[in-house]
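Trainee: Each chain, letter by letter, is given below.
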Amino acid sequence: MDKLPKWADVALIPLINLLLALLVSGLVVLLIGEDPVEALQIMVRGAVGSTYGWGYTLFYATNFIFTGLAVAVAFHARLFNIGGEGQAQLGALGVALVVLWVPWPHWTLALPAAVLGGALFGAAWAAIPAYLQARRGSHIVITTIMFNFIASALLVYLLVGALKVPGSMAPETARFPETTFLPTARDIFAAMGISFGRTPLNISFVLGLAACWATWLLIWRTRLGYEIRAFGQSESAAVYAGISPFRIIMLAMLISGGLAGMMAINAVMGEQQRLLQDNVLGAGFVGIAVALMGRSHPLGVLLAAILFGALYQGGAELEFETSVPREMVVVIQALVILFTGALDGMVRRPLSRMFLRFGRRRPAPAAGGE
Amino acid sequence: MDLLTIIQILDSTVRLATPLLLACLAGLFSERAGVIDIGLEGKMLVAAFFSAAVAAATGSVWLGLAAGVTASVTFALIHGLASITFRGDQLISGVAINFLASGMTVLIAQDWFSQGGRTPSLTGGARFSEISLPGATALREGYRETIADGVEPSGVSAIYWDLISGHTLLVYVAIAMVPVSWYVLFRTRFGLRLRAVGENPGAVDTAGVSVVRLRYAAVVIAGVLCGLAGAYLATGLAAGFVKDMTAGRGFIALAALIFAKWRPWYALFACLLFGLLEAVGNRFQSIDILGIGIPTQFMQALPYILTVVILAGFVGRAIPPRAGGEPYVKER
Numbered sequence: 001m002d003k004l005p006k007w008a009d010v011a012l013i014p015l016i017n018l019l020l021a022l023l024v025s026g027l028v029v030l031l032i033g034e035d036p037v038e039a040l041q042i043m044v045r046g047a048v049g050s051t052y053g054w055g056y057t058l059f060y061a062t063n064f065i066f067t068g069l070a071v072a073v074a075f076h077a078r079l080f081n082i083g084g085e086g087q088a089q090l091g092a093l094g095v096a097l098v099v100l101w102v103p104w105p106h107w108t109l110a111l112p113a114a115v116l117g118g119a120l121f122g123a124a125w126a127a128i129p130a131y132l133q134a135r136r137g138s139h140i141v142i143t144t145i146m147f148n149f150i151a152s153a154l155l156v157y158l159l160v161g162a163l164k165v166p167g168s169m170a171p172e173t174a175r176f177p178e179t180t181f182l183p184t185a186r187d188i189f190a191a192m193g194i195s196f197g198r199t200p201l202n203i204s205f206v207l208g209l210a211a212c213w214a215t216w217l218l219i220w221r222t223r224l225g226y227e228i229r230a231f232g233q234s235e236s237a238a239v240y241a242g243i244s245p246f247r248i249i250m251l252a253m254l255i256s257g258g259l260a261g262m263m264a265i266n267a268v269m270g271e272q273q274r275l276l277q278d279n280v281l282g283a284g285f286v287g288i289a290v291a292l293m294g295r296s297h298p299l300g301v302l303l304a305a306i307l308f309g310a311l312y313q314g315g316a317e318l319e320f321e322t323s324v325p326r327e328m329v330v331v332i333q334a335l336v337i338l339f340t341g342a343l344d345g346m347v348r349r350p351l352s353r354m355f356l357r358f359g360r361r362r363p364a365p366a367a368g369g370e
Numbered sequence: 001m002d003l004l005t006i007i008q009i010l011d012s013t014v015r016l017a018t019p020l021l022l023a024c025l026a027g028l029f030s031e032r033a034g035v036i037d038i039g040l041e042g043k044m045l046v047a048a049f050f051s052a053a054v055a056a057a058t059g060s061v062w063l064g065l066a067a068g069v070t071a072s073v074t075f076a077l078i079h080g081l082a083s084i085t086f087r088g089d090q091l092i093s094g095v096a097i098n099f100l101a102s103g104m105t106v107l108i109a110q111d112w113f114s115q116g117g118r119t120p121s122l123t124g125g126a127r128f129s130e131i132s133l134p135g136a137t138a139l140r141e142g143y144r145e146t147i148a149d150g151v152e153p154s155g156v157s158a159i160y161w162d163l164i165s166g167h168t169l170l171v172y173v174a175i176a177m178v179p180v181s182w183y184v185l186f187r188t189r190f191g192l193r194l195r196a197v198g199e200n201p202g203a204v205d206t207a208g209v210s211v212v213r214l215r216y217a218a219v220v221i222a223g224v225l226c227g228l229a230g231a232y233l234a235t236g237l238a239a240g241f242v243k244d245m246t247a248g249r250g251f252i253a254l255a256a257l258i259f260a261k262w263r264p265w266y267a268l269f270a271c272l273l274f275g276l277l278e279a280v281g282n283r284f285q286s287i288d289i290l291g292i293g294i295p296t297q298f299m300q301a302l303p304y305i306l307t308v309v310i311l312a313g314f315v316g317r318a319i320p321p322r323a324g325g326e327p328y329v330k331e332r
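First to last, the sequence lines map onto chains A and B.
1 is the number of the first residue of the first sequence in our numbering; add one for each residue after it.
1 is the number of the first residue of the second sequence in our numbering; add one for each residue after it.
Think of the hints as simulated: they come from the structure by calculation, not from any bench.
Take these hints with a grain of salt, some might be off.
As the list claims (entries may be wrong) - Examples of chain A residues toward chain B, derived with CB under 10 Å: (1) P129; (2) Y131; (3) I150; (4) A151; (5) S234; (6) S236; (7) V336; (8) L338; (9) R348; (10) R349; (11) R353; (12) F355.
Stated by the list, open to error - For the chain B half of the interface with chain A, some residues (derived, Cβ under 8 Å), not all of them: (13) V95; (14) F99; (15) G103; (16) Q115; (17) S157; (18) I159; (19) D162; (20) V178; (21) V180; (22) V184; (23) F251; (24) A255; (25) Q300; (26) A301; (27) V308; (28) G313.
Cβ coordinates follow ideal geometry from the N, Cα and C atoms, glycine included.
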C-alpha cells in the first residue's frame, strides 16, 4: 500500500493538511468579519516578533512537547491515550507533593525529585487504564476519557480539603518555597548579558528537548522501542515473535503517562508555583494534535509543539488587538486534528494515485513499495 | 427527608437525565452501526448554541430547535465524511468535532451578540414552556389548600403534579424515544441491517445492502438526537447558551451507553441513575451514608467510576458492537 516516497509522507502531506486547516480557519475569520491576512500578521508578530513573544511561545511549546510525546509513544503501540489531561493533572499533584513536603535547599535538588514525582503520578494514573486494556480488554480510549474526569474530581476534592491552606478560601495549595523556583529564561539570559522579556519560559524547556531526544532513543534505538513499534504494526506478528502484549501495553502506557505527568514541571513548578484546580488548561488535548501533526516522531512533535505554542501566544495577542476571541485557537486546533488526523485519507489517496502515475514512467522504482 | 423532597429530587433527576438520554440514544444508533462517536459532546454543544441563538433572534423556540438540529446534523455529517467516506480514525474525528464545537460556538456567539460568548437570556416563546398534564393544576391547588388548612398533606399527589406533569415537551419526547429506538433497532428490517452493519459489515455488503448508506443513516439519526439534546439544554433546562454549557454531559452519555451495554431500555435506567447522581450532588454538599460523609466530588465522579468498573467486566460484561471503530473497505 505504501506508494508514497518518504519525504511526501513525512513532510508534504502534513504540510498540505496544515495549509487546508489554516485555509478553513482563514475563512472562519473572514466570516466573522475580520481580515484573515491581518489576523495572521498579528498572530505571527505576537508569537515570534519579540523576546516576550518567543518566551511565551516556547513556554506553551514545552507543555505541548510533553503531552505530544505522551500521545506519540502510545501511538507507536497503536494505543490512543486520550487521557493526557488527567495524567498531567495527577503529575501536577505529584510535583506539588514533592515540592511542598520536602524543604528543598536548592532548585537543582528539587528538580530531579519533582520530575520523578510528576512522572510517577502520571504513570500511575495511566497504569489502571493500561492494565484494564491489557488484561480485561476494556477500550483504552473510553477508560482514559473517564479517568480524565475522575482526575479532575479527585483534584478538586483534595484542593477544597486536605491540600487547602487552612483559613484560605481559594481552592489551591500553599505557594511553593522560593528555593524551588526554576530559573527563567530572563535570569539565564541576564547572566549572559542579554535582555529577555519577562515570561514564564524556564529551564523546563531544556528538559523538554531532552525528553524528545530520550524518546527518539527509546523508540528507534532500544529493544523495547522496537518491540513497541512491532506491536503497533501488527499485534499477531509481535506475539509470534515472542513479544508479550501485556508487557508492551503496560510499558508504553506507563511511559506515556509519565511524559504527560512531567508537563507539570513546566506548568506547575515553572509558572503557577502552586497547585491549582485547573493546571493543565487543555494541554493534554493539544498533545493529540501535536502528535498527529508530528507524525509521532519526536522531531516532528518538537516542531508541531512550537507551532502550537506560537498559535496559543498569537491567539492571545489576537484577542488583545482585535475582537477575535481566544477560542479562535481552539478552532484552528480542531481543524488541524480534523485534517491531519481524521481526513488524512482525503489528501493521501489522490496524492498516492498521483505519485503512482508519475512514478511509473521512470525506469527506477521511485515508489518504495513491493 | 420527607416525601416532597424526594419527589423534588426525582423531578430534577428527570430534567437532568433528559439530555443524557437523548445523547445516549444518539450514541446507540451510531455505535450499533459501527461508528464510534465520542463527538456527542460537541454535537450537543453546537445544537445548544444555535437553538439558543436562533430562538433569541426570532423569538420562536421552534425555529431555534430546527437550527440546533441542523447544526448538529451538519457536524454529524462531518464525522460521517471523515469516518465513513475517507475511512479516517473515528476517535480522532470525534475529538476534532468536540474542539470545533467548543471553539466555534464561542467565536460565533461573540460575533453575533458580543456578550462574552453567551446568548441573551431567552424568555417567553423563545423557550420551551412546561406542559401541565390534565388535572395536575387542580391537584396542586388541592395540595396547597391542605397546607393552608393547617393539615400536613401526605404529598403523594405531588408524584403526579410535580414528577410526572410539568416538564417541557422534549422531556416527554426523550422518554418516548426509548421504545421508539427499541422498536426501530430490534423490530424493523432497517434496525436489523443497522445492527448487522455494526457487527459484520462484510455480510451486509454481500447481501447487497449498502454499508455506506446505512452508516450515514445512523450518523444522521445520531445528529438529530444530539440536536434535540442540545436544544433542550439551552431552551428547556437553561434559558440561553453559555460557553461550554454541555460540561461533559456528552461523555456521561457515552458512559451511560456503555453502562447500558448498548441497549435502549438499559440506557433509560443508566441515564436516570446518572441524572439522579447529578440531582443529589446539586442539592447536597455532602451526604452521610451510615455515618460516612461522601463528598460531592465523589458523586460527580461516580458515573465515570461505574463505567470503568463495567468496562473492566467485574460486574457483568459490556461487549461493544464488533465492527465498531473500523472503517469498512469494500473488497475488490
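Trainee: Return the numbers of the hints above that this structure violates; sort them in rising order.
Mentor: Checked against the structure, the hints that fail are numbers 5, 6, 11, 12, 16, 17, 18, 19, 20, 21, 22, while the rest are satisfied.
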